[in-house]
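Student: What follows is the residue order along each chain.
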Amino acid sequence: MSHWLALLPAADAGCIRSLETFEQQALAWWALQFTPRVAVLDEAVVLEVASSLRLFGGAAALHARVAAGPQRAAAAAPTALAALALLRVGRPGAFDSEAAGGADGPGEPSRTGVARWLDPLPLSTLSAAAPHEPTLARLGCRTLGQLQALPRGGLSRRFGAGLLRALDQAYGRVPPSLDWIRLPEVFDAALDLPGRIDAAPALMHGARRLLQALGAWLAARQAGVRSIVLGWRHDFGPRDAGAGGELCIRTAVCTRQVGHLERLLSERLARTTLLAPVGVLRLRADEIEPLAQASAALWPGFGTAAAQVEQVQWTELVERLSARLGADRVLRPHLQADHRLSQQVAWVPATREPVPQAPAPAVPGAVLGGRHPHPHPNPPGGMDRVHPAGWPQPAWLLREPLALATRDGQPLYQGAVRLLLGPQRIEAGWWDGRAAVARDYYVGHSARAGLLCLYRLRLPGRGSASEPVCDPAPRLASHPASGGREATWYLEGLYG
Amino acid sequence: MSLASSPALAGLPAHLAGCLWTAQVGGVAPPQAVVPTGQAALDAVLPGGGWPLGGLTELLVESDASCEWRLLAPALRQVAAAGRPVLLIGAPQEPHGLVPELAGRLLRVQVADARQALWATEQALRSGLPGAVVVWLPQAQLGALRRLQAQAALLTPGAGSLLFAVRPLAAGRDSSPAPLRLFVRPQALGEAGQAVEPGAPSDRTRAAGVQVQVLKRRGPLLEGDLSLVIWPPGLAPALAGRLGRPVFGMQPAPAPVPVPAPHAVARGASTAAAQG
Numbered sequence: 000m001s002h003w004l005a006l007l008p009a010a011d012a013g014c015i016r017s018l019e020t021f022e023q024q025a026l027a028w029w030a031l032q033f034t035p036r037v038a039v040l041d042e043a044v045v046l047e048v049a050s051s052l053r054l055f056g057g058a059a060a061l062h063a064r065v066a067a068g069p070q071r072a073a074a075a076a077p078t079a080l081a082a083l084a085l086l087r088v089g090r091p092g093a094f095d096s097e098a099a100g101g102a103d104g105p106g107e108p109s110r111t112g113v114a115r116w117l118d119p120l121p122l123s124t125l126s127a128a129a130p131h132e133p134t135l136a137r138l139g140c141r142t143l144g145q146l147q148a149l150p151r152g153g154l155s156r157r158f159g160a161g162l163l164r165a166l167d168q169a170y171g172r173v174p175p176s177l178d179w180i181r182l183p184e185v186f187d188a189a190l191d192l193p194g195r196i197d198a199a200p201a202l203m204h205g206a207r208r209l210l211q212a213l214g215a216w217l218a219a220r221q222a223g224v225r226s227i228v229l230g231w232r233h234d235f236g237p238r239d240a241g242a243g244g245e246l247c248i249r250t251a252v253c254t255r256q257v258g259h260l261e262r263l264l265s266e267r268l269a270r271t272t273l274l275a276p277v278g279v280l281r282l283r284a285d286e287i288e289p290l291a292q293a294s295a296a297l298w299p300g301f302g303t304a305a306a307q308v309e310q311v312q313w314t315e316l317v318e319r320l321s322a323r324l325g326a327d328r329v330l331r332p333h334l335q336a337d338h339r340l341s342q343q344v345a346w347v348p349a350t351r352e353p354v355p356q357a358p359a360p361a362v363p364g365a366v367l368g369g370r371h372p373h374p375h376p377n378p379p380g381g382m383d384r385v386h387p388a389g390w391p392q393p394a395w396l397l398r399e400p401l402a403l404a405t406r407d408g409q410p411l412y413q414g415a416v417r418l419l420l421g422p423q424r425i426e427a428g429w430w431d432g433r434a435a436v437a438r439d440y441y442v443g444h445s446a447r448a449g450l451l452c453l454y455r456l457r458l459p460g461r462g463s464a465s466e467p468v469c470d471p472a473p474r475l476a477s478h479p480a481s482g483g484r485e486a487t488w489y490l491e492g493l494y495g
Numbered sequence: 000m001s002l003a004s005s006p007a008l009a010g011l012p013a014h015l016a017g018c019l020w021t022a023q024v025g026g027v028a029p030p031q032a033v034v035p036t037g038q039a040a041l042d043a044v045l046p047g048g049g050w051p052l053g054g055l056t057e058l059l060v061e062s063d064a065s066c067e068w069r070l071l072a073p074a075l076r077q078v079a080a081a082g083r084p085v086l087l088i089g090a091p092q093e094p095h096g097l098v099p100e101l102a103g104r105l106l107r108v109q110v111a112d113a114r115q116a117l118w119a120t121e122q123a124l125r126s127g128l129p130g131a132v133v134v135w136l137p138q139a140q141l142g143a144l145r146r147l148q149a150q151a152a153l154l155t156p157g158a159g160s161l162l163f164a165v166r167p168l169a170a171g172r173d174s175s176p177a178p179l180r181l182f183v184r185p186q187a188l189g190e191a192g193q194a195v196e197p198g199a200p201s202d203r204t205r206a207a208g209v210q211v212q213v214l215k216r217r218g219p220l221l222e223g224d225l226s227l228v229i230w231p232p233g234l235a236p237a238l239a240g241r242l243g244r245p246v247f248g249m250q251p252a253p254a255p256v257p258v259p260a261p262h263a264v265a266r267g268a269s270t271a272a273a274q275g
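Read top to bottom, the protein sequences are chains Z and U. For what it's worth, numbering that gives the first Met the number 0 labels the leading residue of the first sequence as 0, then goes sequentially. For what it's worth, numbering that gives the first Met the number 0 labels the leading residue of the second sequence as 0, then goes sequentially.
Be aware that a few hints might be false.
Covered by chain Z, according to a simulated footprint, are these stretches of chain U (three or more residues, beta-carbon under 8 angstroms) [as the list claims (entries may be wrong)]: (1) 45–51; (2) 65–79; (3) 98–106; (4) 174–181; (5) 220–234.
So, partial list: chain U residues that the calculated Cβ filter (under 8 angstroms) puts toward chain Z [claimed, not checked]: (6) 84; (7) 92; (8) 95; (9) 122; (10) 152.
Bear in mind the hints are in silico, worked out from the structure with no lab data behind them. Every residue, glycine too, gets a C-beta built ideally from N, C-alpha and C.
Work out the full structure: start from the sequences and follow the hints.
Tutor: Rendered as C-alpha cells:
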C-alpha cells in the first residue's frame, strides 16, 4: 500500500521563476531525509514514504515531522497525482487525521478512499485534464468522478492517451512514472534576488535561504563543510566596481550547523561594503568531508558524543568571538619553560590550532640564590610545558615594566613601597639579545596597591672587564632623575 | 533559627521544609548550587556557603587588579579541575598567576569597550560551556546587567556557570540586579615603625589581608566587614611563618654605591652621590 505526500514549497507572492525553482529544489533536498524516493512534479514535491513509516514510528509521527518543515502546505494520498490534486485544491487528504473522517484511521489512506477524495475535485486539479476543461465542461463533465465514468475508448480517441494514463495513475490502477531526484555532487547554488541590494547586511536574507539549502544538501550527503564561499554579481554598477565579489568563511571544525555558519556570515557581512548594487547571490561549498552524526552508546558513559559536542561548542564559541572582536583579541595561553617572567606565558590567538610549541633551551646555572618552595604539579588540560617554580609568581603582569620614582632609595608606587622579600637574582635570555634580563627581584608592599613584584637592574660595574649586561630599558634614558641609583627600580607585576 | 522552632511550620514534611525560606534574622536563603570560596569565614556568610552558580556576583573594587584575583582563585581552580573552561573578559592586565593551573581551560578575551564586553559575556553564557566567566566592567548600564543576570539564571542549576563582574567602588551606590554584591579592598598596612603588639597580626600577615563587606545578599543584611587573610600563592610559606623577621636571611639590600672614579675631577661627584 503506497503512501504519497505532496509538499508545496513556500515562496513569496509574485516572486520570479528562478526563485520558485530554487525553493522547489531546496524543499526536495530537505525531503530526502524521509525517503530516497522524492520527485518534483509540476509545482510541488512528491515523496513516497510507505517504506519509511516503520522507521519514523507510524504515519502520524511522520506527518508531524513533515508538518514542521519549510513547506507551505502538505497533502497525503495513496497515489502521487491524487496527493497533488488534493494539494491544489487545498485539502490535506489523509495528512490530517481529522480530515480523514475516521473511516481510514489516522492517516492511513486506502484505495477506496482515493475515489472518495478524487471524485468531487474539479478538472483543473489534474494537469493532463486542465487544457481540455472547456471542452469537457460543454459535455457536462466537471469533476474527476464524471470524467472517470466516461467511456475509455472515446476519451483516448478524443483527447489522447495521455489523459487516460494520468487518470489511471491518479486512481491507482497504473503505477506512476516519475524521475526520482538525484543529489548533485557539488553544491553550487545561485539565487536571483528579487530586487537590487545596496547594503551588505541586507544580503543576509538571501544568504540564509542558500545556507538552508546547503544544510539540507549536507544532511542528505552525510557530510560536513569546512569552508563556504558566498559570491555576488553586480547589477548596473559603475564599470570600475568589477563584476562582483566574494567572501570566504572558514571553520576549524567540520560542521553541519547552518545556524553557526549564518552567525559567522552575518558578522562578516556587517563589516563588508558593496561597491555596486547586487543582483545575484551564489553559494559554493568548498571543502566537504564526511561527517558522521554522534550516535548514542548502548551503555551510558561509554559514548564519546558528549566530548565531541563540547569540542564543537568550544570551537563555535571561539569562532564567534573572533569573528566580531578580531582573531587577535581572543587568546589562549601557551606556557614556555623560561625564567624570565614576561616570557613564561605566550598568548596566541585561540583560532590557531594546534598551538606551536616553543623549544625549551637549556639554561645552566642562570638562577642564583632563592629557594624553590614547592614544585608546581603538571597542569591539567594537556599543556606539557611546566611553569618553572621559583620566585612567587605575580597574579598580573604589566605589559611593560614601569619605572618607579624613588625617595631616599625607597621606591614609590601609590605610596612608599616596603620591601618584604628578596632579592632573587634572575639572569636569563643571554642568547636572546635584546630580551636578555639581569634583575634582582623583590616583593614589596604598598599601602594603596597591595603586594607588588618589583625588580632592580644589576648595575654595570665600572672597570669590569666584560661588557655589562643590562636591560634595554626604554624609560631609563628619558627619566629626569636619571642618575645611577634613582631610575633602577621597576614594577613588573601585581600580586592581586 | 531553625524552622522547627516555629510551631506552625513544625508539621511540614522534610522536602517541603527545605524549600521554604523564612525571612527571619539569622536565616539565610535556602541552599542553591554553589562553589566553595576557599575561605571558611566567607563561606559562612554567603547564602548556600559559596559563590552562587547561575547568578551574577558583583565585586566592587577600588582599582582593578588589586585583590579580586586572590579571592576568586580557589573557585577558579576548582572549576578548571572539574574540566570546565574559564573565560576572562576585559582583564585589566595580563593574567599570569593561575595560568599554569588553568592553562588548558583558559580563554582570555580583550575588548575595546563595555558593549563588546557585555556581548562577549552573553555569547559565552548562551553557549552554556564555561564553568566560570570573569568580566571587568568599568561602566555598565543597569539594563545590560539585568540581561546578564537573566542569562545566567536561565541555565540549569547543574550546568550553571559562575559569573563575576568586577566593577569600581562608585558602582556600589547604584542599584544592581545581582543577587550578591561584595566590596573588596586590600587591608591597609600599618605605618612604618609602628610597634607590633604580641599576638596582633604582624605587618607581613596584614600585607595579605583582604577586607570584604557584603553589600547585598539573599538574606539579612550583614553588618561590619570581614577581614580575611588570603595569601597569593607562593608567598604564604615565605612570609607567614616569620613574625617581624625578614626571610631568606637578608634585609632589603641597600642601593649599590658607584665605584669612585680614579681621577680627581669625577671624585667629587661620586662622593657626593655616595652621600646623597
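Student: When the hints from earlier in the document are held up against this structure, which numbers fail?
Tutor: 1, 4 and 10
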